[in-house]
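**Student:** These are the residues of each chain, in order.
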Amino acid sequence: MRVGRRAPLGNEAAVAVLFLAPALIALVLFRIVPTGYAVVESVRLKGEFVGLDNYRFLLDSDSFRRSLTTTLVFGAVLNPAQIGLALALAVLLIQRLPGARLWRTLVFLPVAVPLLVSALVWGIAFRPDDGIFNAVLAVVGVAKQPFLTSPDQALPSIMLLASWAGVGYWMIFLIAGLQDIPPEYAEAAAVDGAGWWRTFRQITLPLLRRPLAFVLVADTVANFLLFAPVQVLTRGGPREATNLLMFEVYRQAYTFGDLALASAEVVVVVVVMVAVVFVQFRLLRSDG
Amino acid sequence: MPGGVVVLLLLGLSAAGLRPASAQDATVNLSFVGPEQPSAMEPVIAAFEAANPTITVTYESVPFDQLNDILQTRLGSGDATPDVYTADQPRIPALVSRGFLLDITADVGDVGSTVLPSSIEASTVEGKLYALPVSTSTQLLYYNTDLLRKAGLTPPSLDPEQRVTWEQIATDATTAQDAGAKWGVMFDQVSRVYQILPLPESLGGGNGVAADDELTPAITNDAWIKAADFYGQLFADELAPRGIAPEQTPDLFANGEVAYFVGGPWWMSKFADTAGLAFGVAAHPYFEGGEPVTPTGAWSWGINPQTEHQEEALKFIQFATLDEQGALETAKGIAIPPANNAALETYLAQDVFTAENVIGVSDLIRFELENTAVIRPRTVGFIQFEDIVGKALEDIRNGADATTTLESASEELEAAWARLER
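Line by line, the protein sequences are chains A and B.
Each residue of the first sequence is one higher than the one before, starting from 126 at the first, in the working numbering.
Each residue of the second sequence is one higher than the one before, starting from 339 at the first, in the working numbering.
It is possible that some hints are incorrect.
[As the list claims (entries may be wrong)] Below, simulated DSS-like cross-link-like pairs (lysine-lysine); rule was C-alpha separation at most 27 Å, straight line:
| # | chain 1 | residue 1 | chain 2 | residue 2 |
| --- | --- | --- | --- | --- |
| 1 | B | Lys466 | A | Lys171 |
| 2 | B | Lys670 | B | Lys653 |
| 3 | B | Lys608 | B | Lys520 |
| 4 | B | Lys520 | A | Lys269 |
| 5 | B | Lys608 | B | Lys670 |
| 6 | B | Lys466 | B | Lys653 |
[Unchecked claim] Covered stretches of chain B, going by a simulated chain A footprint (3 or more residues, C-beta under 8 Å):
| # | segment |
| --- | --- |
| 7 | 409 to 421 |
| 8 | 611 to 618 |
| 9 | 748 to 757 |
Read the hints as simulated data drawn from the structure, not as lab findings.
For glycine and all other residues, C-beta sits at the position ideal for the given N, C-alpha and C.
Next comes chain B alone, as it looks inside the complex (with noise of 0.2 Å):
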């Protein structure tokens, strides 16, 4: 009885990892990780590979929401491989923390008038780079032509004085509904940090971390709690869906079943691909009296220090980022906004960014990056702060309370932080 007993009770308590084999040939293949579809990463990898003929690049495709998971397995175990994969930009200082990127500070020298400085601040911890940026994002109003004239509604403004107020995207959305749109207003990576931080930060409540000590939460004042509020209240109100993953609420716009949607410059093309569906693009909105904030920061590639191929694996993230022709390939895959300051106005060109019902999306975007934009707390403790306060926004988005919710994970932030301080 209990070599079985042992048996069953251990089954599904180890972790077999995968390892790849590596190249015994003369060329020497880089193995990349990030959370793309293959599909999207095929125009780099083909124009670095033609430059670079002894080298082939293997790219690993993981969920986004998996790819934390995953990186801390592989990477946790000192496993070679990946060799590059993409970094989160506000993950960066607890990915090295942890010693999972390797310093190039050397290696790369100055960038800043190459790439967005923004960026390459983004992936810099304590005066050393750890990355090279990619990729920059804002976030837009998309609203459904259709739906406010159906509404009789004026579509909110492209300029960003005359930006729209979160109050009034509210009343709208109402309307709308009433005329026969499906949902009011839908958020595109919703209940992510990423994109519901703007709220509070639009009422002056912070980034949700301690000005004065990175690892105090800083969640429970009175902007959080009133943006919090307005969140949930949206869903409560069925004004938005509950029950509707981030994967799915881009499908929702496309189907023309939402009013205003808040989405990156990314879903530009699916939406203008979508036919019947007639749509113009807005500032992002802020609340009454306060502060314009967009959401900002995108990925960094970055290099394994257990590495067998560091030379190689610099080549390539230099090839994606600093090389202009490179960087148009990464873009023209991804469809974020490169961060490198040529490849952008060549990507601000494309004719998306220049049709007829999106006039003026191309000067909208280069303004936020510059005036409204803020980045999420550089934290090492930014990983829990994530996946606390992500969850902390999906329950009040499924109807609890704001203040409690808030209270109770700014509690298990600071145990959780507690942690790290040890």
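Okay, chain A solo, but in the shape it has when bound (with noise of 0.2 Å):
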């Protein structure tokens, strides 16, 4: 019996290795490799050893000081804005409401939408003569409004093309979590004489936590890395104000070719983004 149980449990562990063997090829090859060789890059220059160099410049430099500036304040804003408003739409939608898988349907369809389509799109909607927006803001007796054109409207016109195309696959997620809870508990919290929203803080949110983690995790990784928007419509600008990270190193990597200060931007974008992660797992784990 006891030799009989241990077989199968190492069958079942080789059978697992093999099921993860792929993905962890491609783990190694696409994503740990290329870290390193980062690494090792960013401490190049023209082939040679420079040790911190390439550091030392980034750190002088005010326009690479305003991109990480930038891209913090953009990811500050936009992740607990896109993720309350899945959240919001998440709740709203598992509701038996008529219409309600139409709806469902509707706000996930952009996600299909390629990035760089909708931001083609939205390039258009935001001209400042013959957008649509500018058209739609008329009717209402708004006027006109700059949008890309401008420093000020510029980040906040791609958070929304952003929450446009990403809070649809995250509200996925959180439907997802929300149909995992059991109905019981809200039922026994209604028959103690629980409200709605004290039975959302007390029994929805906690059991939602996973979800939630997984996708404060993802949407904050996804946002640090947004870049198809910015190349297609800002180039970082006006003034710099678009200028995200991503952007910055495929400028310095593709524009000039300098992939010594590229690679040193990577390892930089990284480490700051592992910190964040690393403070949001923190949160949510002493949470429960």
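The two chains are supplied separately, each in an independent frame; assemble them into the complex guided by the hints.
**Tutor:** Okay, here's the thing in structure tokens:
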């Protein structure tokens, strides 16, 4: 019996490794190795070891510091907003309302559009003189807005676009999480006289912690690495207002061909991102 | 947890390269990358393949704004393809310094009488030829005849000796707008260095790079600031629209929304084919008291030093540029004037250049190419220059102060160029 039990266990482990292997190999090949490569490149210049020179150059660069700040502000505003909106939509669209399925599909639909295409379409909609947004604003009597051509409105405009494209995606995970919560809890709470808000805060939210943690971390990373709309619509401008880090990295690497500096920037991006995500994980864990 | 986090963290940090399989059969397949539509390259490729049955050419079109980045990615990783690619002439020194272009001096020999000498110069670095010029360029002032008539304006002159001033254009654009034109004036390649450089140049501000050092910017002198102010003011006064990308500007003119449009001769066919559009052509404007200056420079085709088909690649670019018929087939597709002397004559004799509304434009184009054309700065730092100055111009277009914007662009340029000197 004992031998009989051990054998399948060993088999199970082997099978598990086999199933995981493609993902693990891809992980090492496409994620770990390039990151290691970036670290190595970041301490070299034109084939020679230069220590932390590239990092020193970055620290001295106003443009890079501004890009870092812009990216952090972008994330700090956008992540809570997107998750709050995704959660609100999930809670709303899980109700047995007429047409709920249709609404869910409509909210999810932008996810199916490649971000590049969305960016092009939004770019036309944002055009100050003949874009649809200003046409709609004119109908309700609001003056013409500059949108992407203004350093004050360009970043919020990109946020709007990114949310349109992303909220439906995060909503789906939260809907799945909400549906996993057994209805008995809410029923029991109702019997005890708890109102909707109290049930939501004390039962739904705690039980939704795992999918919320995933969405928070994944959304943070996705927004950190947002690139396509910036490249297509603003190329970092106006006045560097939308110069997010991933675009800055791209610009150094592929426009200027400065792979050493771009690698140093990538390393900084990874370090900052790890720090942010680490804090998020700690916060969500101590909660429970 | 850590494994999962790492997956998420590194999401999207790697770039996967696409590597087309090389042909195994007897025919050689050349890979060719450029910014033109695939249909534009069909004539020259078909003619070349007909003349060389053992060689096929596969053309890959990439957007103009991404061409440089894509080439950097592929050539920088040592890829053997593309075998042939289009090199923007002012970028050639930078491409050469990165080892991205094959020295073809010995293979080509003296071609100074076959193609325009200025375009050979633009493809040469330190006495060595690295690419063959396919095209040349100039800019014209198009005007909408109906909009001008409505405003009671006399069309500007096609005679280069009588060319209109920028000051006059700004005044007349206002008049045209008051009489119903949606926009007074617009630039084809709005906010791009190519298009805007003639403004400071006309005021004697130079090409943006110090005369004695190719890695020192010179974009903060009075002429540059005055030119940039003028440029920004056209948009601040709403004579010209903000938020429209260069790809979309010719359509504004074609739609009859713009009174004056500064654009290349390659739009002639498009405008001539647009029903309901009555237009004429005049000489490129200059600043009062300044020099008449027009932009020039265009495409050369070069060879990837890592190519496995050097001989065939050479044959292809020679056919497209040095062979009159080949050069004509190329020009047929891309509509940009060919750099090949004989083909240029045939190009300028086309119906669109001899139509009643543009009589004399062929002579004007020849005059500008010979007398007023000024190439963009020849510096290994041109890519940084084009990116940073282009962004500054776009910021000025969107309302940023010309002086401070040019000053900070100059600082950014110095920092970027300092990287090249290390």
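**Student:** Hint by hint, say whether it matches the structure.
**Tutor:** Do the hints match the structure? See the list:
Using a Cα cut-off of 27 Å, the hinted pair Lys466 (chain B) and Lys171 (chain A) holds, with the two alpha carbons roughly 24 Å apart. Restraint check for Lys670 (chain B) and Lys653 (chain B): satisfied, since their Cα atoms lie roughly 20 Å apart, inside the 27 Å limit. Among the hinted pairs, Lys608 (chain B) with Lys520 (chain B) is consistent with the structure: their alpha-carbon atoms are about 20 Å apart, no more than 27 Å. For the suggested pair Lys520 (chain B) and Lys269 (chain A), the alpha carbons sit about 16 Å apart, so the restraint of at most 27 Å is met.
For the suggested pair Lys608 (chain B) and Lys670 (chain B), the alpha carbons sit about 13 Å apart, so the restraint of at most 27 Å is met. Restraint check: the Cα-Cα separation between Lys466 (chain B) and Lys653 (chain B) comes to about 19 Å, which is no more than 27 Å; the hinted pair holds. Proximity of the segment 409 to 421 of chain B to chain A, defined as three or more residues with a beta carbon under 8 Å from a beta carbon of that chain, is established by the 3 residues found. With 0 residues bearing a CB less than 8 Å from a CB of chain A, the segment 611 to 618 of chain B misses the requirement of three and the coverage assertion fails.
Counting residues of the segment 748 to 757 of chain B whose beta carbon lies closer than 8 Å to any beta carbon of chain A gives 4, which meets the minimum of three for the stated coverage.
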